[in-house]
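Visitor: Taking the hints into account, I'd like the entire structure generated from these sequences.
Protein sequence lines correspond, in order, to chains E and U. Just so you know, my numbering puts 114 at position 114 of the first sequence, and the rest follows in order with no gaps. Just so you know, my numbering puts 9 at position 9 of the second sequence, and the rest follows in order with no gaps.
No lab work stands behind these hints, which were simulated from the structure alone. Careful, some of the hints might be misleading.
Unchecked claim - A partial selection of chain U residues facing chain E, derived with a Cβ cut-off under 10 Å: (1) Pro6; (2) Trp7; (3) Ala9; (4) Pro10; (5) Leu13; (6) Val16; (7) Ala17; (8) Leu19; (9) Gly20; (10) Leu21; (11) Trp22; (12) Leu23; (13) Trp24; (14) Gln25.
To be verified - Just so you have them, the derived chain U footprint on chain E, three or more residues with Cβ under 8 Å: (15) 137 to 148; (16) 246 to 257; (17) 261 to 270.
As the list claims (entries may be wrong) - Straight-line Cα separation of at most 20 Å, EDC-like style, residue types lysine to aspartate or glutamate; simulated pairs: (18) E:Lys2 <-> E:Glu128; (19) E:Lys240 <-> E:Asp360; (20) U:Lys2 <-> E:Asp270; (21) U:Lys2 <-> E:Glu128; (22) E:Lys240 <-> E:Asp366.
Remember, predicted model here, so these are calculated numbers, not experimental data. Idealized CB from N, CA, C, for every residue including glycine.
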Amino acid sequence: MKRPWIVIACAAFIVTLAMGVRQAFGLFLPQMSVSLGIGRESFGLAIAISNLMFGLAQPFVGALADRHGAGRVVFLGTLLYVAGLAGAAWVGSALGLHLTLGFMVGIALAGTTFVVVLGAVGRVVPAERRGLAFGIVTAGGSLGQFLVVPAAAGLLDGLGYRLALIVLAGLVALCAVLALGVAGRPNSAAAGDEPDQSLGEALAEAAGHGGFWLLNAGFFVCGFHIAFIATHFPAYLSDKGLGLEIGASALALVGLFNIFGSYLFGLSGDFWRQKYVLSGIYAARGLVIALFLLAPLSAFSALAFAAALGFLWLGTVPLTSGLVGRIFGIRYLSTLYGIVFLSHQVGSFFGAWAAGYFYDRNGSYDWAWGASILLALFAALVHLPIRDAALARPRPA
Amino acid sequence: MKRALPWLAPLALLPVAALGLWLWQSQATRIWLSGIIAACF
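Guide: See the structure below:
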């Protein structure tokens, strides 16, 4: 078996690159929409397709990783990611953009991010250290978002969008090498700890466990919060008379504090029951949003809010995936966490879309803020009754 | 001390945080990347 720190380091670097590049796509909108002669809606549709495919493909890609190993899936995902980015640099129409940056990159993301690599990490790390390991990997993704976005902005300025996409494709290609670090046969790794179980049995077991559905509900809320804030917060600040630079700085602070939050909340899962920490994160999000809305709006309050929410941003990832692994075991972690991640992406869809929809109807984000607080309370409550004991399964004689 | 180490480990990332914040200033981003690109090509 590989040394755990090699698997953790490779997994962290893979998500650093894959998540980091993904976060930079929005920067390409102005140049690409002008160059291709397409509207912003059409570019936005490519990103929306990418997000949707990311979520829809995730359970299936997770199942492939559980069956054939994370290394092979990351390798193939990387090839698709590189082809999608290079294709996006080459295409000359909206349809081409939807196929490359939308479909190809969306499916590729499912093969190169948290769900797949956390399954590989879970197999080599003992249960009592899994929170720390998952926290490190998640912080890698957060680090990528924080570092790659401004670097991509510089690339875009210096090279133009086509060459910038090719350079980003080159960065992502490194994941093909890093895939060696997470490669391994899932069956043999898990066999020592857990009795064998078919995929169908694992799915039926999860479907019959109330906690699995509650985790899905909670992660839906996480997706809603993140997509709403990431998409609409700069515009909200701009509406209130704060400059766009405050919005950009706010997103930078979200990214910065996200690194520390992802790690520390992951680590906390090794010391406290994950469901209580998750409940606390969602309650804290609700409280932070309410305080932000009640306090007089200023550049300071906006940046303080961004830092606080950033700290609570992806801390849910190591805890939710850790809880899935704790209850159901790691044999089908990528499949089961992939399903929970699909809920996250559905929440993301509503967070980004519904907030805009109600803004257009009412001229304010009041509805979206209110929904965010209520959903935070809902998520804080739904984690409490989760039966988080590992499921007992009879071992074969 | 050994018990506190994992909790304090993120402090090692402070230089990276400083680099990131610097990158987020677009002017600095341009200067930094143009230097790298000039060196590569």
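Visitor: When the hints from earlier in the document are held up against this structure, which numbers fail?
Guide: Violated: none.
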